[in-house]
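Starting from two chains that each stand alone, build the complex the way the hints lay out.
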Amino acid sequence: MIAARALLLSLFVVMVSSASGWAAGVKAKAEVSCAATAKPLEYDCAIKLSDARSGAALTGVEVTVGADMPSMPMAHNVKPVKATPGSEPGTYRAQIKLEMHGDWAVKVDLAGPVRDRIVKSMRFEPKP
Amino acid sequence: MDDHLTGILSNIGVISFVALSAYLLLLTGEISFGQQAFFAIGAYTAGIVTAMWQLPFWLGLGAGAAAGGAAALFVGLPTLRLHGLQFAIATLAFAEAVRILFELFRYQVVRAGEPVGPNGIEGFRNIRYIFEHDVSATQFMLIIYGLLGMTLFGFFLLERSRLGVAFRMIGQDGLLAAAQGVPVFRVKLMAACLAGAIAGLGGGLYAHLTTYVEPAIFDVMLGVHSLAYGLIGGLGTAFGPLLGVVIDIGLLESTRWFAGYRMIVFGGLVAVLLIVRPRGLLDERLVHRIRRLVSRRPPPAPTNAAVLGEEPS
Chain U
-3 MIAARALLLS
7 LFVVMVSSAS
17 GWAAGVKAKA
27 EVSCAATAKP
37 LEYDCAIKLS
47 DARSGAALTG
57 VEVTVGADMP
67 SMPMAHNVKP
77 VKATPGSEPG
87 TYRAQIKLEM
97 HGDWAVKVDL
107 AGPVRDRIVK
117 SMRFEPKP
Chain P
10 MDDHLTGILS
20 NIGVISFVAL
30 SAYLLLLTGE
40 ISFGQQAFFA
50 IGAYTAGIVT
60 AMWQLPFWLG
70 LGAGAAAGGA
80 AALFVGLPTL
90 RLHGLQFAIA
100 TLAFAEAVRI
110 LFELFRYQVV
120 RAGEPVGPNG
130 IEGFRNIRYI
140 FEHDVSATQF
150 MLIIYGLLGM
160 TLFGFFLLER
170 SRLGVAFRMI
180 GQDGLLAAAQ
190 GVPVFRVKLM
200 AACLAGAIAG
210 LGGGLYAHLT
220 TYVEPAIFDV
230 MLGVHSLAYG
240 LIGGLGTAFG
250 PLLGVVIDIG
260 LLESTRWFAG
270 YRMIVFGGLV
280 AVLLIVRPRG
290 LLDERLVHRI
300 RRLVSRRPPP
310 APTNAAVLGE
320 EPS
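So the sequence lines, in the order shown, correspond to chains U and P. Taking the numbering used here, the leading residue of the first sequence gets -3, the next gets one more, and so forth. Taking the numbering used here, the leading residue of the second sequence gets 10, the next gets one more, and so forth.
Same shape as in the complex, but just chain P (with noise of 0.2 Å):
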């Protein structure tokens, strides 16, 4: 496979995770601008495991993972009570905050005769482990995809619980589900966690994929596009915001039919949908409609009398 066709497939799963991340909480009837952060903090985590202590590319994705649900905790227990407008800015906050630390954030050790690790707004280089490793760009992308089917899977296993009916109740109306019984902070903290660990799970790979990562990428416009992919693909499944990335990474950025101009035509896009379809190209009515489509089951078997031409009596 040609090797910038490899790079774009890449990229367009590791935003997948991230944008995944934002999707969850949005179920929830949650808008975060802040999912950059535990993107951000799970790639640190990774690039610190196996470039500082080389320890195995599967415990640093772990331990990204991990931090970024850990993360997501910390935030989530003070501001998940929090509603809407207030909710949306003090994840900003904490995001611009996290990133602003990774700026300060100096820790280095020597590794053959030269530091490694992150060092302030210079970043974190030499991750290598794919080249120390021998790992192709195809294996690496293998990893990527293996990863997110395993994500999508669980988003699917999710939707069938009791847990994906109660983050869709409290999206719809989070007083009406706490009146069904709904322990309303605890499922919002819960997703919340999960949202941080998928972040995480994904900052982790992008630290592996570009061996680089620095402040700078976790700015507030990776948090506002992870948003808009979910809002542009759509809220009624998973697939939605991989539909929202595969548009803008797949189609806009890498065809380069809208050079230049590409933000503005996505800007527009996002206006253009909210307007039109305020749940996305794939919300739930559609879906619906898909699953209904694809599990109708075959008209009954005719019976003996209809067989007989008998009229029913």
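Next comes chain U alone, as it looks inside the complex (with noise of 0.2 Å):
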């Protein structure tokens, strides 16, 4: 009982903190494009960061790419990877690793400056 007890408190700790709610951040959009590499199951992800609402290029985000199988929720995850920063502002590089060829939602995590998720339904396809 005690353990149920400590269980609730610390719920409603976290209900209370989530529910106060800080300010709104930026609503980020991201323009993702992946090419296959030599590697197979290997692709480069371009990836173009901006502000939806201003356009602006969103620089100084730490950027972690990950996918993940919709035909398959929660498994045949992709570890994420940090991508780098580009030459142009806003724009950033990941190299990701899939298990198989086929349909995958590519999730784009912000972090920093600007904390969002964007997320982009891809086919993947073997290198022609």
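Keep in mind the hints are simulated off the structure, nothing from the lab. Treat each hint with caution, since some may be false.
Okay, the calculated beta carbon distance ranges per label pair [said to hold, decoys possible]:
1) U/Ala31 x P/Leu64: 30 to 36 Å
2) U/Thr33 x P/Gly129: 29 to 35 Å
3) P/Trp266 x U/Glu38: 16 to 22 Å
4) U/Ala53 x P/Leu14: 27 to 33 Å
5) U/Thr80 x P/Arg298: 53 to 59 Å
6) P/Phe267 x U/Thr33: 21 to 27 Å
7) P/Gly129 x U/Lys78: 29 to 35 Å
8) U/Glu38 x P/Arg169: 34 to 40 Å
Covered stretches of chain U (chain P as the covering partner; in silico rule of three or more C-beta atoms under 8 Å from a C-beta of chain P) [unchecked claim]:
9) 48 to 61
10) 105 to 114
Taking beta-carbon pairs under 10 Å as the criterion, some of the chain P residues facing chain U (in silico) [claimed, not checked]:
11) Glu105
12) Ala106
13) Glu123
14) Arg134
15) Ile139
16) Glu141
17) Pro224
18) Asp228
19) Met230
20) Leu231
21) His234
22) Ile258
Yeah, the Cβ is synthetic: ideal placement off N, Cα and C, and Gly gets one too.
Quick look at the structure:
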């Protein structure tokens, strides 16, 4: 019973903290394009981030790219990789390794000054 | 905590809801291939409540669970009079119908200059509650596990109630249960509604965890897995399906030991376990043995006669 009480108390603390709400942050927009590399199932992804409202490029953001197969949610997760900033403002690059070809939901997670997640549905085919 | 680990733990927590939902019906002896439909209904409902109507998160989760339960009642009324294979096929047909309906479902509103809401096959994106309200990944994981703990506590109470006994009686032999005065259809309907609500709650959490849902997520694969979790983990306790999820998502998926061959290993595991342990790892017999071990009382204190070395007469 003590464990149950502790659980309820911790949940209440989280509920209160999450319900209080902070100011809504920037809503990000991303353009993602991935190209097959020489290695099988490895894809080089170029990401262009901007503010969805103002259209300004988002710089200095910590970007992580992962992927999930919609046909089997929560399985076939690709371990997220950190993206590196490109030469132009708001551009980032990341190399992801998939388990198989097919339809994937690419997840672009932003941390740092902007916290957001953008999900893009993409089809990954073998290199022709 | 590492973000990847938080993500895996959150996934394990969320999928546990749909596994528990299938487990609840397995207790009554019914195999459902359609619990993913209630998960989907809960996900879309909760998303609509928070992202489109801008109502609080807890209301969204509650609405998701209620919608899941109501949909289960709607399906249960005509189908729960069926048994075995017919019921399994009926649930599968319903789940596929729901998935296709979501492919056709378009309902969007404009929020901050952008359309938000379900958009057919494209899915429902921008369920951004956790980002708009700055809920961290760890906080959200705690919310998932808090609700999972509450659900497990509910199962703990259920197992000790007359209703829980009725579930297992029907699961063992419906005809015998009816002869004992158990209102079989009503009890089964109650189990189906509870199972639908649990799956709906899980769906609401899932939509907010991933920030997007699409009909492809809710195909039969998810239903088969949720059913398999209970069958692997065991039907003796609600921890059984959780063990199944941990084995699949936590061990096979996350460690990458069987990368690319996971489904073969998982399928093989289900097949072997169904032969060796038909009621899963934590089956009723093992759970009973563990309970006896835990609750074993210390031997009674020796009597005065025994202490004095006297032979009992």
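Do three or more residues from the region 48 to 61 of chain U put their C-beta atoms closer than 8 Å to C-beta atoms of chain P? holds (count 3)
If you check the beta carbons of P/Gly129 and U/Lys78, does the distance land in 29 to 35 Å? Check passed, 34 Å falls within 29 to 35 Å.
Hint P/Leu231 vs chain U: min CB-CB distance below 10 Å? holds (6 Å)
Let's test the interface hint: is any C-beta of chain U closer than 10 Å to that of P/Glu105? Not OK, violated: P/Glu105 not within 10 Å of chain U, min 14 Å.
Under the criterion of a CB-CB separation shorter than 10 Å, is P/Arg134 in contact with chain U as hinted? Constraint on P/Arg134 satisfied, holds at 6 Å.
With chain U as the partner, please determine if P/Glu141 meets the hint condition of a C-beta pair closer than 10 Å. holds (5 Å)
Do U/Thr80 and P/Arg298 keep their Cβ atoms within the hinted range of 53 to 59 Å? holds (55 Å)
A range of 27 to 33 Å was offered for this pair. Does it hold for the Cβ distance of U/Ala53 and P/Leu14? Distance hint for U/Ala53, P/Leu14 holds at roughly 31 Å.
Do P/Phe267 and U/Thr33 keep their Cβ atoms within the hinted range of 21 to 27 Å? Between P/Phe267 and U/Thr33, where Cβ atoms are some 24 Å apart, the hint holds.
Holds or violated: the hint that P/Glu123 contacts chain U, with Cβ atoms closer than 10 Å. holds (7 Å)
Look at the Cβ atoms of U/Thr33 and P/Gly129 and judge whether their distance stays inside 29 to 35 Å. Holds - the Cβ-Cβ distance for U/Thr33 and P/Gly129, about 33 Å, lies within 29 to 35 Å.
Given a hint of 30 to 36 Å, does the C-beta separation of U/Ala31 and P/Leu64 actually sit inside it? With Cβ atoms ~42 Å apart, the hint is violated.
The structure does not agree with the numbered hints 1, 8, 11 and 12 stated previously, though it agrees with the rest.
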